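Going down the list, the protein sequences come from chains A and B.
Sequential numbering of the first sequence, starting at 1, is according to UniProt numbering.
Sequential numbering of the second sequence, starting at 1, is according to UniProt numbering.
In case anyone wonders, no lab produced these hints; they're calculated from the structure.
Be a bit skeptical, because a hint or two may be false.
As the list claims (entries may be wrong) - Result set (EDC-like, lysine to aspartate or glutamate): computed pairs, CA atoms no more than 20 Å apart in a straight line: (1) Lys210(A) <-> Glu35(B); (2) Lys360(A) <-> Asp83(A); (3) Lys68(B) <-> Asp440(A); (4) Lys141(B) <-> Asp143(A); (5) Lys228(B) <-> Glu98(A); (6) Lys103(A) <-> Glu35(B); (7) Lys193(A) <-> Asp440(A); (8) Lys268(A) <-> Glu35(B); (9) Lys447(A) <-> Glu35(B); (10) Lys370(A) <-> Asp143(A); (11) Lys208(A) <-> Glu55(B); (12) Lys317(A) <-> Glu189(A); (13) Lys444(A) <-> Glu55(B).
The model shown is predicted, which means the values in this text are computed figures rather than measured ones.
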Amino acid sequence: MLKKRFLATALSSVLALSALAGCANKDTGTPEKGKDGKQKVELSLMLTPQWKGVMDPTEKGADYDSFFKYAADKFSKQYKDYDVKVKVEVVASEQRDELLNVKLNGGTPPDIFFENTFAMGDYAHRGALVPLNDIVDDKAKEDIAQNYWDTVTFGKDVYFYPFSHMPGTLAYNADMFKAAGLDKYIGGENDIKTWTLDEYETILNTLKKKLPKDAYPMGIFALNNQGDTWNLAYLRMFGNKFFDEKGNIVLNDANGVKAAEWLKKTYKAGLTNPGAESVSSNDVLSMFQNQKVAISFTNSVLFNNAKADMEAGKAPKFDIRLANIPSESGDPLTFTYVSGAAIFNTKDETRIKVSKDFVKFFSTDPELVKASKNGIPVRTSVVKEFESTNPLFAAYDKNAKYMFNFTGGVPGYSQLRQVLYPELQALYTGQKSAADAVKDYQEKGNKVIQDARANSVIKE
Amino acid sequence: MKMNRHVLKENLTGYLFIAPQLLLFLIFLVYPIIEGIRLSLYRINYTNQVFVGFENYQQLFQDPVFIKSTLNTVLFVVFIVALTVIFALFVSAAVFDKNAKYVSFIRGSYYIPVMVSMVVMSMVWSFLLNPANGLIPYVAKQMELSSVNFLGNPKTVLPVIIFITFATNVGQAIILYIASMIGVPKDLFEAAEVDGANKLTIIFKILIPMVKPTTVYIIIMNIIAVLKIFVVIQLLTGGGPNNASTTLMYFLYNNAFKYNQLGVASAVGVIMFLITLVLSFPQLRSMFKKN
Numbered sequence: 001m002l003k004k005r006f007l008a009t010a011l012s013s014v015l016a017l018s019a020l021a022g023c024a025n026k027d028t029g030t031p032e033k034g035k036d037g038k039q040k041v042e043l044s045l046m047l048t049p050q051w052k053g054v055m056d057p058t059e060k061g062a063d064y065d066s067f068f069k070y071a072a073d074k075f076s077k078q079y080k081d082y083d084v085k086v087k088v089e090v091v092a093s094e095q096r097d098e099l100l101n102v103k104l105n106g107g108t109p110p111d112i113f114f115e116n117t118f119a120m121g122d123y124a125h126r127g128a129l130v131p132l133n134d135i136v137d138d139k140a141k142e143d144i145a146q147n148y149w150d151t152v153t154f155g156k157d158v159y160f161y162p163f164s165h166m167p168g169t170l171a172y173n174a175d176m177f178k179a180a181g182l183d184k185y186i187g188g189e190n191d192i193k194t195w196t197l198d199e200y201e202t203i204l205n206t207l208k209k210k211l212p213k214d215a216y217p218m219g220i221f222a223l224n225n226q227g228d229t230w231n232l233a234y235l236r237m238f239g240n241k242f243f244d245e246k247g248n249i250v251l252n253d254a255n256g257v258k259a260a261e262w263l264k265k266t267y268k269a270g271l272t273n274p275g276a277e278s279v280s281s282n283d284v285l286s287m288f289q290n291q292k293v294a295i296s297f298t299n300s301v302l303f304n305n306a307k308a309d310m311e312a313g314k315a316p317k318f319d320i321r322l323a324n325i326p327s328e329s330g331d332p333l334t335f336t337y338v339s340g341a342a343i344f345n346t347k348d349e350t351r352i353k354v355s356k357d358f359v360k361f362f363s364t365d366p367e368l369v370k371a372s373k374n375g376i377p378v379r380t381s382v383v384k385e386f387e388s389t390n391p392l393f394a395a396y397d398k399n400a401k402y403m404f405n406f407t408g409g410v411p412g413y414s415q416l417r418q419v420l421y422p423e424l425q426a427l428y429t430g431q432k433s434a435a436d437a438v439k440d441y442q443e444k445g446n447k448v449i450q451d452a453r454a455n456s457v458i459k460e
Numbered sequence: 001m002k003m004n005r006h007v008l009k010e011n012l013t014g015y016l017f018i019a020p021q022l023l024l025f026l027i028f029l030v031y032p033i034i035e036g037i038r039l040s041l042y043r044i045n046y047t048n049q050v051f052v053g054f055e056n057y058q059q060l061f062q063d064p065v066f067i068k069s070t071l072n073t074v075l076f077v078v079f080i081v082a083l084t085v086i087f088a089l090f091v092s093a094a095v096f097d098k099n100a101k102y103v104s105f106i107r108g109s110y111y112i113p114v115m116v117s118m119v120v121m122s123m124v125w126s127f128l129l130n131p132a133n134g135l136i137p138y139v140a141k142q143m144e145l146s147s148v149n150f151l152g153n154p155k156t157v158l159p160v161i162i163f164i165t166f167a168t169n170v171g172q173a174i175i176l177y178i179a180s181m182i183g184v185p186k187d188l189f190e191a192a193e194v195d196g197a198n199k200l201t202i203i204f205k206i207l208i209p210m211v212k213p214t215t216v217y218i219i220i221m222n223i224i225a226v227l228k229i230f231v232v233i234q235l236l237t238g239g240g241p242n243n244a245s246t247t248l249m250y251f252l253y254n255n256a257f258k259y260n261q262l263g264v265a266s267a268v269g270v271i272m273f274l275i276t277l278v279l280s281f282p283q284l285r286s287m288f289k290k291n
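Next up, chain A with everything else stripped away, as it sits in the complex (with noise of 0.2 Å):
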């Protein structure tokens, strides 16, 4: 009887010991050692789509990971201090937030972020990325021009490497232009045409009554926060600046309520897509893709991807051309999205430092650089080699001087975002006047900013 008791209390006693064991912390003993007898180091990257290949979209298998799984494999062959293997994985842009916010609360964020910095820079305001000063060299700020490290500075710190930016214009589909007589509006190949406002107006106007009736002229969108540059370059089309001085939002004044009124005018007249409320960037840009939208948005990669995929025989093809966004004044509406590499404080020295000379290698290295021909080089020496090849970067230079800054540098961007869409969403189906509209989205972001500004921890 003793026997059995004694036998049954030490089953039960295993038994519940092993619930514990899959508690005990991972036997990290000696750091793991790699080839040469290098301290192995793995590294994560994580970026959201950009240029597909390593140079080129038509590469073989030319995929959006293909640069950097090209970078690592290089930079780990010449690396003398570490054996560093570098995981690299591509992420939607509209999951970057959720991933990383996970990631940062469970204490795992990735080592290494390549992105539009606009969208990464709360990240800086929360503590969460390491600056990047002692990275950055002279040569590199010789090559690279003011207005570019200016993008990526928050109070004095340098966060994000910049490797090439995209600027933002609209795309028109220049056979659907030719098809509807409107041939004389048709800018050259490698322009990015300008028309008035009144000539926009005309434009879509016409294309209304020539286009198939399951096309339309152009494409509007308000399901989420993405690709939401454009619907604030929409909102500055009749001069509104967006931001005072203080970096607060002075979006509701009599031209910020015309621009509202005038998008609301324009897709009442069933001058665009219907149910923008219901639309999204993605949306539109298949629409686009499939020629069921003559005019959409665009940036520099997603023409050369749109061009490519055509070529590729993965998308219809037709004669794809750029345009800026008009304005009442007649100045064209443009801006650019500066792309780069932040590293995160991931609390790990060793991790930090490679991350360092990793961001530094592929922002730097003469080869790789020359990739970041896929959007527009921030290097002017890069800009130099290809302007022959690539006359498109004239044109993107003469329009720099129309650029605005969209994220006006406040902190609380992201969630700022995240205001702006319900509001268009209720001026289009009607549930707010433009006017509510915009006095609702100036009283929601200012908080936004307020907030972010009082919790950052750059002060400026």
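Model the placement of chain B on the given structure of chain A, informed by the hints.
Then chain B, alone, in the frame of chain A:
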């Protein structure tokens, strides 16, 4: 004291046997609940946590989007649960006493959507309803009919979500009801028929009262499931238009993962926990009554 020690020694083996399960329960269920309650009292940044008392709760009750989310969630719970119970009762009562192959066919047909992931169902509905390139608006346009944006109209978006969720979930309730109805003793129906009761009387006076425990179970399970409705909102409407279809779970998700307001999100979680607890109370009471 001596007695207690003796009892403890006597039951030690038993305690040790339940220890693993208890331990996992404490770590993975009780601890997150306590941690959630704690976090709801803090303002959390990446670098620090500041105790703010009930400020997060105050902020929530002043937020019109939170109020809208709560009302929408209540609406979803009421309509989806009512529709599910009524429709499942109707289908089950109509088929449970028919040929076994026919019953299997009906059961299978309604159960297929339950097996398909909600993500896939939402994507299919999105493909059908997308106002710009969806199949239904396309056909409507080709037929020169006026097209309605079901997902973009605040008046239609809730009924559409209710219908999609109901259509996806009702199979489960039908399976449970049919199984329960088959188990009702046949002599009750025969006695009723001898007494001259018609089909409707049999359903209302015998069948429905006899399957009451199943009804209670379906109601409670569906209430808990619908309270957490998320995927269909995320994939189909994104809470729009202008927060017209946002729910508590979607509001929580946005605050936790998009706005990084973990304190506020935890406060929503605590409120949802309390609502579920209150709604589950009748079931708990009936369980204790039995014992």
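Verification of the supplied hints:
no., hint, verdict
1, Lys210(A) <-> Glu35(B), "violated, 62 Å"
2, Lys360(A) <-> Asp83(A), "holds, 17 Å"
3, Lys68(B) <-> Asp440(A), "holds, 17 Å"
4, Lys141(B) <-> Asp143(A), "violated, 54 Å"
5, Lys228(B) <-> Glu98(A), "holds, 18 Å"
6, Lys103(A) <-> Glu35(B), "holds, 18 Å"
7, Lys193(A) <-> Asp440(A), "violated, 34 Å"
8, Lys268(A) <-> Glu35(B), "violated, 49 Å"
9, Lys447(A) <-> Glu35(B), "violated, 28 Å"
10, Lys370(A) <-> Asp143(A), "holds, 13 Å"
11, Lys208(A) <-> Glu55(B), "violated, 52 Å"
12, Lys317(A) <-> Glu189(A), "holds, 15 Å"
13, Lys444(A) <-> Glu55(B), "holds, 19 Å"
Against the hints set out earlier in the document, violations occur for numbers 1, 4, 7, 8, 9, 11.
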